[in-house]
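Novice: With the hints as constraints, model all of the structure from the sequences given.
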Amino acid sequence: MALNGNEATTAAVKLALKEHSWLHLACHGCQEIDDPLKSAFALYDGRLSLSDLMVTTADNAELAFLSACQTAVGDEKIPEESMHLAAGMLAVGYKGVIATMWSIQDDDAPLIVEAYYKKLLELRASGTLGPGETGAAYALHEAAKRLREKVGDKSVVRWAPFVHFGI
Numbered sequence: 069m070a071l072n073g074n075e076a077t078t079a080a081v082k083l084a085l086k087e088h089s090w091l092h093l094a095c096h097g098c099q100e101i102d103d104p105l106k107s108a109f110a111l112y113d114g115r116l117s118l119s120d121l122m123v124t125t126a127d128n129a130e131l132a133f134l135s136a137c138q139t140a141v142g143d144e145k146i147p148e149e150s151m152h153l154a155a156g157m158l159a160v161g162y163k164g165v166i167a168t169m170w171s172i173q174d175d176d177a178p179l180i181v182e183a184y185y186k187k188l189l190e191l192r193a194s195g196t197l198g199p200g201e202t203g204a205a206y207a208l209h210e211a212a213k214r215l216r217e218k219v220g221d222k223s224v225v226r227w228a229p230f231v232h233f234g235i
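Going by our numbering, the residue at position 135 of the sequence shown is 203; the numbering climbs one at a time, nothing skipped.
In case anyone wonders, no lab produced these hints; they're calculated from the structure.
You can trust all of the hints, since none of them are fake.
The calculated lysine-lysine pairs, modelled on PhoX-like cross-linking and capped at a C-alpha distance of 25 Å, are: (1) 82 to 106; (2) 186 to 213; (3) 187 to 218; (4) 163 to 86; (5) 163 to 187; (6) 218 to 186; (7) 163 to 213; (8) 213 to 187; (9) 82 to 163; (10) 106 to 163; (11) 163 to 186; (12) 86 to 106.
Computed spacing ranges between beta-carbons, pair by pair: (13) 80 to 190: 28 to 38 Å; (14) 112 to 198: 35 to 45 Å; (15) 195 to 119: 33 to 43 Å; (16) 150 to 127: 16 to 26 Å; (17) 92 to 193: 17 to 27 Å; (18) 92 to 213: 18 to 28 Å; (19) 178 to 112: 18 to 28 Å; (20) 196 to 75: 31 to 41 Å; (21) 77 to 217: 36 to 46 Å; (22) 222 to 127: 38 to 48 Å.
Since this is a predicted model, take the numbers as computed values, not measurements.
From the three backbone atoms N, C-alpha and C, an ideal C-beta is built for every residue, glycine too.
Specialist: Next up, the structure:
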């Protein structure tokens, strides 16, 4: 299922969270350091905030890919707390979440996404994953490696913001 343009409403995304085991959000994300529960994804009709996510349950949730800026940004004043959009997805019930620690370049996201899903589907089809393994961390490693090969080691700010949380 794909929600594009005016279909990507807060209500439609909340419903999709409950109905689908994988979620891929390609939108703007913003972190509100002063009030982390107001951190949100920008959707067609408004913001889907961390507080909205915290009251949503996704029973069959497996993987969420947050292809948006600043979805795993914390507050340097309280480094022991993880109140960001990626943590919200874990609270909803996702076993694994791919997120970004800072703003990403628009042309890097498609490369990461394509390499990630290619490797993830390859791992799933190969039968090499152990019990409880989703393959998400392996797939992200491969995707970041591809971007790193393209942009070079010195462009760490481009390939390092992508992180995996969960299993």
